[in-house]
Amino acid sequence: MTGVRDETPVIEARGLGKRFGETIALDGIDLRVDAGRIVGLIGPNGAGKTTALNAILGLIPHDGELRVLGQDPWRARDTLMRDVAFIADVAVLPRWIRVSQLLDYVAAVHPRFDRARAETFLERTSIRPRVKVKELSKGMVAQLHLAIVMAIDARLLVLDEPTLGLDIIYRKQLFDALLEDYYERGRTIVLATHNVDEIEHVVTDVIFIDRGRIALQATMDEVESRYREVRVHPSRLTAARELVPIHEREALGQRIMLFENVDADRLATLGEVRRPSVADLFIARVGNGASGGPPR
Amino acid sequence: MKADREWNDGVPIYRQLRDRVVAMMLDGVLAEGDPLPSVRNVAAEYRVNPLTVMKAWESLVDEGLVEMRRGRGMFINAGARALLLKGERQRFLDEEWPRIHETIERLGLDADELLRARRRKKP
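Each protein sequence line maps, in turn, to chains A and B.
Take the first sequence: its letter number 276 is residue 276 in the working numbering, and every next letter is one higher.
Numbers in the working numbering are just positions in the second sequence, counted from 1, shifted up by 296.
Hint data in this document are derived by calculation from the structure and do not stem from the laboratory.
As the structure is a computational prediction, the values presented were derived from the model and not from experiment.
Some clues are possibly wrong.
Some chain B residues judged to face chain A by a derived CB distance under 8 Å, without partners named [stated by the list, open to error]: (1) I309; (2) R336; (3) A340.
With the Cβ distance kept under 7 Å, some of the chain A side facing chain B (calculated, not the full set) [unchecked claim]: (4) F175; (5) E180; (6) V202; (7) T204; (8) R275.
For every residue, glycine included, the Cβ atom is placed at its ideal position computed from N, Cα and C.
Given these sequences and hints, build the entire structure.
Right, dumping it as structure tokens:
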């Protein structure tokens, strides 16, 4: 792209693990995220998404090897936080603070905060500087949070369920901000979500996580060349099953099969070939497992 | 570009973005010498990742329809429309015309009749 590709990965994990008492939240996962990518971390509730993000952000100690921008996030959290910005799925802004005071605070503590940029962003919303956080709606709090994070010149931006419970206007603003800002500065984004449809075309890479393990890690280009969905003609069902589909479902009375690494020309003889949606791929790879069902 | 986020699942998205630009060139919405919309604008507008848009723009460069001007962005080449028309005419003659011609023969229509029917339709 714009020459931002760096040799050292932004995130690299080997055997990353985390247990809470008897519960294994992360079961020794391997991860690699390169600079300039937009990565969708996708999994049902309780799959280990938030635990993985917390380890990456240095909020919890971990087992195994983990490097974020070349550093151990648990040991080097303070220096790392200059280059990493984060939006949690729970609002953490103090309720009593005024918007202008919040900007004062961030400007004082964060060396890479561009206050003018945050103010420009806020001018496009109905949030006024004198207002207190407790007077803002949930969507406005999210906008305020986004304004601050977008004004921090970070190399890695981490978002945990960024659109959960928010309306369509905010969602549009979020994706506009991410995609415009992202391209300009070539930063890396990790987006944890269970709302697959919304981010399907936005991400350059997907990581499926389920019950503490990685079920799939691939670029979207790899997904597109590796997986194909076929609406199988009724007379070709047996021939199709001989090619061992990894998943089969029915829609409007037709069998739809998902294939991995099967030649496209061969599949074309079975019926209409299409690119599978990430949601269908997720169900095929992870299944309707016990850990909360498929993402929607 | 108007953001219609409906995608056809049979064709890669970068290809569909490329096709939309080509349609805009054929319709004269984008003229020779015009800049292409910026990657980040299109990415945000269509809600697709910038790498996908970049790939679409690169395929237009490979086809000789667009050129990259260092530091200034992408521009529609002089002669791009003629190049496109040539390609589209050839495609029509190779793919569509044989089928249409076959129908005309089958129905026993002659050239005069066809042209007269066309003139009557015109406003």
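Hint by hint, here is what the structure shows:
For I309 (chain B), the interface hint holds, the least distance from its beta-carbon to any beta-carbon of chain A being 6 Å, beneath 8 Å. About 4 Å separates the beta-carbon of R336 (chain B) from the nearest beta-carbon of chain A, less than 8 Å, and the hint is met. Because the smallest distance between the Cβ of A340 (chain B) and any Cβ of chain A comes to about 4 Å, under 8 Å, the interface hint for this residue holds. Interface hint at F175 (chain A): satisfied, since its Cβ lies 5 Å from the closest Cβ of chain B, which is below the 7 Å cut-off.
Checking E180 (chain A) against chain B: minimum C-beta separation of about 5 Å stays under 7 Å; hint holds. About 5 Å separates the beta-carbon of V202 (chain A) from the nearest beta-carbon of chain B, less than 7 Å, and the hint is met. For T204 (chain A), the interface hint holds, since its Cβ comes within 7 Å of a Cβ in chain B; the closest pair sits about 5 Å apart. Interface restraint check: R275 (chain A) against chain B, minimum CB-CB distance 5 Å, threshold 7 Å, status holds.
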